[in-house]
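Enquirer: Chains A and B, in that order, are what the protein sequence lines are.
Mind the numbering: the first sequence is residues 124 to 389 in our numbering, read in order.
Mind the numbering: the second sequence is residues 51 to 331 in our numbering, read in order.
Watch out, some of these pointers could steer you wrong.
[Claimed, not checked] Keeping only pairs whose Cα atoms sit at most 30 Å apart, straight-line, the calculated BS3-like set for lysine-lysine is: (1) K262/B / K65/B; (2) K63/B / K218/B; (3) K211/A / K63/B; (4) K216/B / K211/A.
Treat the hints as calculated values from the structure; they're not laboratory data.
One letter stands for each residue in the lines below.
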Amino acid sequence: MKHPVLSVRKLSVTRRQPDRASTVVDSVSFDLNQSEVLAVVGESGCGKTKTAEAVMGLLPCDTWDVQAESIELDGTNLAALSAAAMRKVRGRKISMIFQEPLTALDPVFTAGNQLCSVLCRHQGMTTKAARTSSMAMLERVGFAEPDHIMRSYPHQLSGGMRQRIMIAMAMACQPRVLIADEPTTALDVTTQAQVLRQLTRLGEEYGTSILLITHDLGVVAQYCDRAVVMRDGRTVEEAPVPKLFSEPQHEYTRQLLNATMGVRSA
Amino acid sequence: MDPANRTWQRLRKDKAGFMGLVIVLAFFLIALGVWSGILGQGWSEAGGGRWEAPGKAHWFGTNLLGQDIFQRAVYSVRTAFEIGFVVSVLSTLLGAILGALAGWYSNTWADSTILWIKGVLDSIPFYLFVAAVAFALQGKPWAMHLAMIATFWTTTGRLVRAEVMKIKSREFILSARTIGLPDLLILFRHVLPNTLHILFIQSSIAFVAAIKTEVILSFLGLGVQDGVSWGLMLAESTQEVLAGHFNNFLAASLMLFVLLMGFNLLSDALQEAFDPQQAAL
Numbered sequence: 124m125k126h127p128v129l130s131v132r133k134l135s136v137t138r139r140q141p142d143r144a145s146t147v148v149d150s151v152s153f154d155l156n157q158s159e160v161l162a163v164v165g166e167s168g169c170g171k172t173k174t175a176e177a178v179m180g181l182l183p184c185d186t187w188d189v190q191a192e193s194i195e196l197d198g199t200n201l202a203a204l205s206a207a208a209m210r211k212v213r214g215r216k217i218s219m220i221f222q223e224p225l226t227a228l229d230p231v232f233t234a235g236n237q238l239c240s241v242l243c244r245h246q247g248m249t250t251k252a253a254r255t256s257s258m259a260m261l262e263r264v265g266f267a268e269p270d271h272i273m274r275s276y277p278h279q280l281s282g283g284m285r286q287r288i289m290i291a292m293a294m295a296c297q298p299r300v301l302i303a304d305e306p307t308t309a310l311d312v313t314t315q316a317q318v319l320r321q322l323t324r325l326g327e328e329y330g331t332s333i334l335l336i337t338h339d340l341g342v343v344a345q346y347c348d349r350a351v352v353m354r355d356g357r358t359v360e361e362a363p364v365p366k367l368f369s370e371p372q373h374e375y376t377r378q379l380l381n382a383t384m385g386v387r388s389a
Numbered sequence: 051m052d053p054a055n056r057t058w059q060r061l062r063k064d065k066a067g068f069m070g071l072v073i074v075l076a077f078f079l080i081a082l083g084v085w086s087g088i089l090g091q092g093w094s095e096a097g098g099g100r101w102e103a104p105g106k107a108h109w110f111g112t113n114l115l116g117q118d119i120f121q122r123a124v125y126s127v128r129t130a131f132e133i134g135f136v137v138s139v140l141s142t143l144l145g146a147i148l149g150a151l152a153g154w155y156s157n158t159w160a161d162s163t164i165l166w167i168k169g170v171l172d173s174i175p176f177y178l179f180v181a182a183v184a185f186a187l188q189g190k191p192w193a194m195h196l197a198m199i200a201t202f203w204t205t206t207g208r209l210v211r212a213e214v215m216k217i218k219s220r221e222f223i224l225s226a227r228t229i230g231l232p233d234l235l236i237l238f239r240h241v242l243p244n245t246l247h248i249l250f251i252q253s254s255i256a257f258v259a260a261i262k263t264e265v266i267l268s269f270l271g272l273g274v275q276d277g278v279s280w281g282l283m284l285a286e287s288t289q290e291v292l293a294g295h296f297n298n299f300l301a302a303s304l305m306l307f308v309l310l311m312g313f314n315l316l317s318d319a320l321q322e323a324f325d326p327q328q329a330a331l
C-alpha cells in the first residue's frame, strides 16, 4: 500500500471560552495520497476550514485548543513541531490558499514584490533570481504578460487574476501539500473552471497533493479523486468520488446530493 | 498608476494644496540657508540703535536692544523647522512602534502597559508636564523636544493601534502566516506599511503642533534656550508694543502665520490625495 503524504489522526479542535468549551472539530482522521486531489465537503460551519487551519498550525493557541494523535507530513509529525520549525514547513512543504482572493494580497506591495519575497525567504534566492523565477511561475498560471503583472498592485487586478497569483505564491516552492480553502467561491463560474484547471494541472506537474475544501459538489465531481464528507465537526463518510455519487453510504451524504440534484433538475 | 505617482498627480491639481507646498518649500529653503550659514547670521548682534524704523540697513527695523528684526525672524525659521522635524519624526516613530505593538498584541500585558502609559501621559495637563520636564532638565536645550515627543506620540499610537487591530484580522496577514513569516516580520513588513497614510498625516499635524507649542513655551520662558525663535521675539515685543513699536511683534506673528497656514493647506491636500477611497478615480 502507498504511504500517504499527509496523514491526520484523531484531530480535535476546541474553542476555549470562559464558561464552556465548544468542540468544532471532533477526532477527524483522513489520509491524503501522493498527487491526489482530496475533497473535504460539508455545509458552512461544519469544521472544514478549522481542520485545515489546525493542520497548518495557524490557530492562535490562546483561543483554540488543538489536540491530535498525529498530523504526519512525509513522516514528520507536525503536531509535535515548535512554532519556529513549523514556520519553515509552512510555505515550503505545505501551503494554503483562501476563499477571498480580493483581500489575500497585501495592498501596499506589488504582486511581483510579494511573489519574490516567498522565493527569497524559502529558497534563499537572490532578488534577481527570484524575479526570473516569479515571472516563469506567473506564466505557468496562465498570464500572458507576467512583466506587467509583476508591477501591478492588487487593486489593479481582477479576482481571478489575484487568485492565480495566490496559486503562484503557494506553489512557488513546489510544496508537498496544498490546502485550497474554497478557492473559487468568490469567483464567477467561468473563472472558477479556469482557476481550478490550472490548480489541478500544476498539482500534477509538481507532484503536489491537493486538499480541496468546498461545498460545491459539481467541483468535487469534476476535479477530485476522493472525498471526505463532514458534518458537525465529524467525518461521516470517506469514499472515491465515483462511488460517493453512485452509492452514498450515509444518510447525510444522500441529503447533500439530493439538495444539489434538486437544483439541477429544477 | 502607482500610489506615489497618483498622490502627486492629485496634489498638483489641488490649487490651495499646491500653494501650501510652495510656501512650505520656500520656508524650507530659508531654513537650509540659515543652516548652511548664508542667511540670518547676524541675529544676535546689536548693530543699530534702539527701535530703528524699517529701512535699507534694517529691513524690518530693530528691537529694544538694537538687534535686526529681519535677521532674527529669518533665523527663527531654522529654529521652527528643527523643532518641527525632530518632534514630528520622533513622536510619529514612537507612536507607530508602540501603537503597532499594542494593536498586534492586543489584550495582553504588553497592550495594557502601553495603554496605561498613554493614559497617564494624556491625563497630565500638557503645559504643566512640559514645565516639569523643563525644570527637571534645567538648561538642557532639548528639554522642550523631549517633553513634546513624550506627549505627542499618544494620538498617533492610539490611531495606529486601532488600525493594526483592524488589519491583523485581514486575510493577507493570514496568508503571510501560511507562507511561514515570523510574527514581528509580518507586523513591520505587512501591517505597519498599511498604516502609512495615518503616519504621514499625523506627522504633518505633529509638525504644526510642535512649532505652535514652541512659540508658546518660548513665550513662557520654557522653550528655546540657545538661539532665537518667534516665541522669544513675541515675548520681547510685549514691552515694545506698550511703547508703540510693533515691528518685532508683526514680523514674528506674520512669519508664523504664513508658515502654519501653508502647512495646514498642504496637510489638508495630502489627506485628500492619500485617501484610498478615491483610489479608483
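Enquirer: Next step is simple, just say for each hint if it's right about the structure.
Expert: Checked hints:
Between K262/B and K65/B the alpha-carbon distance is near 25 Å, which keeps this suggested pair within the 30 Å criterion. For a cut-off of 30 Å, the pair hint linking K63/B to K218/B is broken: about 35 Å separates their Cα positions. About 49 Å separates the Cα atoms of K211/A and K63/B, which puts this hinted pair outside 30 Å; it is violated. Between K216/B and K211/A, the direct Cα distance comes to roughly 27 Å. Compliance with the 30 Å bound is thereby established for this hinted pair.
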